[in-house]
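K.L.:
Each chain is listed here by its residues.
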Amino acid sequence: MDYGGFDSSGASVRQHRAIKILLAGGFGVGKTTLVGAVSEIKPLRTEEPLTEGSLRSDSTTGVERKTTTTVAMDFGRISLRSDLVLYLFGTPGQQRFWFMWDELAIGALGAVVLADTRRLADSFPAIDYFERRDIPFIVALNCFDGARRYGIEDVRVALDLDPDLPIVQCDARSRESAKQVLITLVEHVLMTAPEEPVRHSVR
Amino acid sequence: MPSNEERWLDAEAGPVVRPYALTRGRTRHSGESFDLVATVISTDARLSDPSALGPEHLNVLQLARAPTTVADIASDVDLPLGVVRILLADLRELGLVAIRMPVTMAERVDKQTLREVLNGLRGL
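Those protein sequence lines, which keep their order, are chains B and U. Count the first sequence with the numbering used here and you get residues 126 to 328, in order. Count the second sequence with the numbering used here and you get residues 29 to 152, in order.
Quick caveat, the hints were computed from the structure, so don't treat them as lab data. One should not assume that every hint holds.
Just a few of them, taken from the derived set where beta-carbon distance is under 7 Å, the chain B residues facing chain U [as the list claims (entries may be wrong)]:
#1 143
#2 166
#3 168
#4 169
#5 170
#6 234
#7 274
#8 275
#9 307
#10 311
#11 313
#12 315
#13 317
#14 318
Taking CB as the label site, the calculated pair distances span [stated by the list, open to error]:
#15 U:139 / B:289: 34 to 44 Å
#16 B:269 / U:91: 36 to 46 Å
#17 U:73 / B:298: 39 to 49 Å
#18 B:197 / U:91: 13 to 23 Å
#19 U:83 / B:289: 30 to 40 Å
#20 U:86 / B:289: 43 to 53 Å
#21 B:283 / U:93: 26 to 36 Å
#22 U:53 / B:197: 15 to 25 Å
Calculated Cβ distances over 12 Å to all of chain U for the following chain B residues [to be verified]:
#23 152
#24 153
#25 220
#26 279
#27 310
All figures in this text were calculated on a predicted structure; none of them were measured in a lab. For every residue, glycine included, the Cβ atom is placed at its ideal position computed from N, Cα and C.
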């Protein structure tokens, strides 16, 4: 659809479809590299107010309290068509960032957990998170130079993943490889999607 | 006549406006909440009192002339998402922008869209 005859309150806005894909994984696993390999990467940050619970009770005297914290996200967009845009969001995998995932996950197509076989345990929290919320995901092993390659099935056992959950090897620097990771995710979601999607009213 | 306080302010002094100062300290926006990839588009409404808006509001409004998303705007104006949300909610309250939920918001992405995404990715 083109926006040539765009009417500001018209139907074209509704046709503009934005699809979210999440990218999770431990620090330094290659999330930024993968987003940059396959999409137009853009800076995006959020300055979140700290909740009362996260403020130290002893910090109220004397100095000004720091009441916000800045989190940088990996953010990439891929225009598939003028009316269909894929958005990639990568945020740090640690549990203290879950508040961001909770928002990102709503309506998301699915997620990619990027893992480094040398530090597989770093991907446990993300896998746990998506399993518990029933968000479809796949695991992509970023094959770093010099890293010993483990068999996919060894990784499956180590991460305690279902037999039908796709695990792929990738090179996060390669556009083709990153593209293949996304294709694998969409194929997986398509395969596991119910035949008749349950439609709730869309506001 | 410039006041004394203004004299020491320059680029090297660093940001003198804390992000949430742009929102007059508000950290929550009014009205219905909207997703990161909700579509934003400016309306044809005329602004009756331009002084009600700050330069950041006008900047955001400018970007919304063609359909865009909340995340795209935040990235383009280089402000934190939370701040941009509040600016957008202000503009919405004034009737200057319309914010629409992504169609896939309330449900899983439907199969037809999944197929279109798949074809799109394969064609990259």
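K.L.:
Which numbered hints are broken by the structure, listed smallest first?
P.N.:
2, 7, 8, 11, 13, 15, 19, 21, 27
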